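Engineer: This is what each chain is made of:
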Amino acid sequence: MTVNGQEVTRDVEPRLLLVHYLRDHLGLTGTHWGCDTSNCGVCVVWMDGEPVKSCTVLAAMAHGRSVRTVEDLERNGVLDPVQQGFMEEHGLQCGFCTPGMMLTARWLLDHNPDPTDAEIREAICGQICRCTGYENIVRAVRWAAEHPAHEEVPA
Amino acid sequence: MTTVESNPIGFGRMKRKEDARFLRGKGNYVDDLQLPGMLHGAILRSPVAHARITSIDTSAAEAHPKVKAVITGKTLEGLGLAWIPALSHDTLAVLATDKVRFQGQEVAFVVAEDRYAARDALELIDVQYEALPAIVDARRALDPGAPVIRDDIEGKADNHIFDWESGDKAATDAVFAKADVVVAQDILYPRVHPAPMETCGQVADMDKVTGKLTIWCTTQAPHAHRTLYALVAGLPEHKIRVISPDIGGGFGNKVGIYPGYVLTVVGSIVTGKPVKWMEDRSENLMSTSFARDYHMHGEIASTRDGKITGLRVKVLADHGAFNNTAQPTKFPAGFFHIFTGSYDLEAAHCEVTGVYTNKCPGGVAYACSFRVTEAVYLVERIVDCLANELGMDPAELRMKNLLRPEQFPYTCKTGWEYDSGDYPRALRLAMDMAGYDELRAEQKAKRERGELMGIGLSFFTETVGAGPRKHMDILGLGMADGAEVRVHPTGKAVVRLSVQTQGQGHETTFAQIVAEQLGIPPEDIDVVHGDTDNTPFGLGTYGSRSTPVSGAAVAVAANRVREKARIIAAAMLEASPDDLEWEKGKWFVKGDPASAKTIQEIALASHGNLELPPGVEGHLDGECVYDPPNLTFPFGAYICVVDVDPGTGQVKVRRFIAVDDCGPRINPMIVEGQVHGGLADGVGMALMEVMAFDPDGNHLGGSFMDYLLPTAVECPSWELGETVTPSPHHPLGCKGVGESATVGSPAAVVNAVLDAIGVRHADMPLTPAQVWRAMQGRPFRTDLAIE
Amino acid sequence: MQVPAPVEYERATSVDHALALLERHGPDARIIAGGHSLLPMMKLRLARPDVLIDINDLAELSYVRLEGDELRIGAMTRHRQLLESAVAGEHFAILHDAERVIADPIVRNRGTIGGSICQADPSEDLSAVFAALKAQAVIRSSAGERVVGMDEFHQGPYTTSVGPAEILTEVRVRTRAGSGSAYEKVERRVGDWAVVAAGALLALEGGRITEAGIGLAAVGAEHFRAAAAEDSLVGGRADEDAFARAGALAAEGCHPVGDQRGPEDFKRHLAGELTKRALRRAASRAQGQGG
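Protein chains in written order, with this note's numbering: chain L, 1 to 155; chain G, 1001 to 1787; chain U, 2001 to 2291.
Note that these hints are calculated values from the structure, not bench results.
If you're wondering where the values come from, they're calculated on a predicted model, not measured in any experiment.
Result set (SDA-like, lysine to any residue): computed pairs, CA atoms no more than 25 Å apart in a straight line:
(1) Lys1652/G <-> Asp2192/U
(2) Lys1066/G <-> Arg2045/U
(3) Lys1026/G <-> Glu88/L
(4) Lys1017/G <-> Gly77/L
(5) Lys1314/G <-> Lys1330/G
(6) Lys1017/G <-> Met87/L
(7) Lys1652/G <-> Leu1720/G
(8) Lys1066/G <-> His25/L
(9) Lys1026/G <-> Asp72/L
(10) Lys1017/G <-> Glu74/L
(11) Lys1066/G <-> Arg10/L
(12) Lys1015/G <-> Glu74/L
(13) Lys1015/G <-> Ala145/L
(14) Lys1017/G <-> Glu88/L
(15) Lys1015/G <-> Asp72/L
(16) Lys1026/G <-> Trp143/L
(17) Lys1026/G <-> Glu74/L
(18) Lys1015/G <-> Glu146/L
(19) Lys1099/G <-> Ile1153/G
In silico contact screen, one side only, chain L against chain U (beta carbon under 7 Å); selected entries:
(20) Pro14
(21) Trp33
(22) Asp36
(23) Ser38
(24) Glu50
(25) Val52
(26) Lys53
(27) Thr56
(28) Met61
(29) Ala123
By construction, the Cβ of each residue, glycine as well, lies at the ideal position given by its N, Cα and C atoms.
Hey, can you work out the whole structure from these sequences and the hints?
Structural biologist: So this is what it looks like as structure tokens:
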């Protein structure tokens, strides 16, 4: 499979969940897990260009596909506007749901560059945050929508 | 005596320093940790709520090729660790020996090469249970003949834990006896759960060679854990290091020592390798500290024209199978006696009875501020019941009874000394922001068309920032917290804290406190926390205590640094310290600003060969162990607007206006974020969150399919306002805010829904079913299985 | 987190290959499509197949198209595709109504139409939708293809007529001129299973109802359908009295069970109330008035 643009090959048990493959086998611990029933969404990554809950995908099912995790948002030391927006608008507190939220936001803005607040809330309604009450997450995504160019950020 | 800073804390809405790693997916949470040779633990849990264990056969699990150890209650008995002290001077089982006492209780622990093998091995353990009748309904726990849950306690013949009371019973009864109007209401605050997105877990690494035990734990109180391990396991405290790395939300769920933590330590000792245990979500919901479960009978007395004269409450507190609530010793019902609320009463009295049931232990969690959530819900619900009875507008009733600014500091009828507040101003601001009169007009017009709209208020007073060590300890450890500030030779600084962030932004706000005191830019200040090897002792973060206690400690320590800097500057300038004046970042001779020595220059000099006055030591450090003289009393006025579909009972929260007063705000952006988060909790608890049990003791909320949390779609865009009334006794005037919104919001939402449907009371959560049933006049008990 | 028991994995390259794998591995093999019903059950170890046959590469089963007078939906069509399909929404607004309230947007990227109705959870929305639409299921085996109506497809809770060596390949819905459809769902929170849901299809001609379909989820309705309610509408006018009558029959004829989503009386009430609302909107859409 391709992970963040790199070809990666490992031998794994068929039952290994994609989230564990990313975290424990590839050391990409930016993707998290938080429930047993595919409800919480802290495990969201992209697979073949779409957000999916990586706790509900087997690594084997991702064979031959491309996977993108939060570690891929920053490019050449420059934060993605979504990441910048989360910082500007205090869209994160404990940070645990943040990678999944940002990946969904990135996908949303790629397909709907000027979403309404209602559309943003709908896009993230499969992902739970216990810290922010969602207000600043929505503002963070709006910020990214309004500042689409990558900006230089001190590393 | 510390003084209140008259200038606001500097640097205001600073972006957070900790964001850099989280945005890149480079946080360090416990499950991210990989150590060489690390093994994984899994816990076998009881499927039944109450049963004798007749046999445990672990041979098949031990034979699994990837299993390194299997630990049972018997193993632990041999080590004297089968039972450990619980937080409220009870004991709790680490692994069940004789009986299991709640569904999900720990029965065995497997250590294996990886988490998948550990999970497989659980299925290979054969446990035989002999079922016993379970106590699920707290109201039946004290029935004569009820099965005794804690027969492990010598002489125990019932399920009673404690009785506690506060206030003047005789005076209160007298007030009620002569009252024009008395309204009584049974009010349940159901069992709910903090459910942080990161579950609880630990890595324990016992180094046999050095004898050092290193622990990485999702704990809000690392020092308390270290001391408890020393006391309980007999391990020398200087050889224990507890590290709280990044924590994915705490909310009070991550305060105490869970059996799983102890098991990782035992596992590491037995295998000689680091052992990691991370619970899954069902374990989190079924076996870690729940919150609330207070069955309250409230009564309110008033004159015919709405002057509230008295409040009395009887509470039945369901503590589960072990009393493991994190309460200060003298307060088994926490700070429930703040139920006197924000009103000027003639008398008040409460009685709380705690009981055991066959459910998970706990009770104090989920931003409860030690039962302040229960107290505020009680008073704000019953005030609305009174408004309903009197036919009076709930805002008018509150305004008529709120404490007036000139009454502060105010000692309430149960002994709390409220430090400061201007309550009417906050309520007026909330009403203005909401457009209260227009909302009532809209409601009236809608009612005529059969459309249901509700407006609910909540005016809360919290008591947070525990607390004075004389009165407040947890398991004998006083609730005073330390802080150290050191300025390095080149003028950068480090502040070491005993409190522990789980998202509240301490790395930023505490740097801001020091920055304001010393004039060192916040980016030049490192905040160190979460490692018992590197930080002073303290009891950790919960009950909104970080700013009131640790913030004070940091401010005082930084002030001491500033004063020491004065002396050194005086030596540098060959002047008397009394002739110097401070302007943020520098000391100079009064009237001669050009003489100024910056804090950076002073720091260098303090490490150099400058001759210092007699009795003055070198370097530029300050420390403080802060013993708060009192708690602090944040308050707020909340207004919720809902629309209810009468045909389906569905509730839509249209608006939520929240005015908070937590004193001066160090970083308003962070404060607002704290409020936003707590308001979502209110929507959740009021409308969807509950952990109910069926008659057999089966937990009906053991996953996120059943324990429902609010999403972005159920939450409106929060409208925030503020007033600022400093605390007179805190060096910065700050009061703490982390839990305010969780405390104040449920009543606002519930009051709004009941206002919409014209029903005096129905218990949370107000799901569509409950709303519809309430409209039929038949609301149901939400703590039990729905029939 | 909970993790599945050990299992073998095969990846199908075509429908025929999938069928061959099913035949080879026998009844303890399970097809995995979106995986959002099966994997959670495997993690809780309530489902323990020996072999998983991954059919996610079967692009040939992923389509939404009009063929003659039938809307044909491939079994591997993801929920999101159906929600975004203009042709689906144009003919059957009920499909968009329902997809909007199925799970959440991320799950909808993976979950499939086929997977959902084959799971046959009694609360499953599309089962009620296709019952209302009187759809047909195309089931293929190595012996060939058969087409069954929804009543035959749905045999009971978690049970369909798809055999162990068979695959559902397509769902077909006959388009009706002058029709409108709608779905109404009550949930405790976005993404939850329905407390109760009702879907309706009405075909009108000259002010009279020529066809009525009413599907119910989460109330134990036989084959997810309110048959008596449907019958009461045909030939009559699409007015409030008719809707009220149909609602009462729908409520009477179902078998809700009290649980944490609600007591039996509430669910029965909702069966009636939501049937009325779905009928109202279906009628309004049939009359070209939107809704």
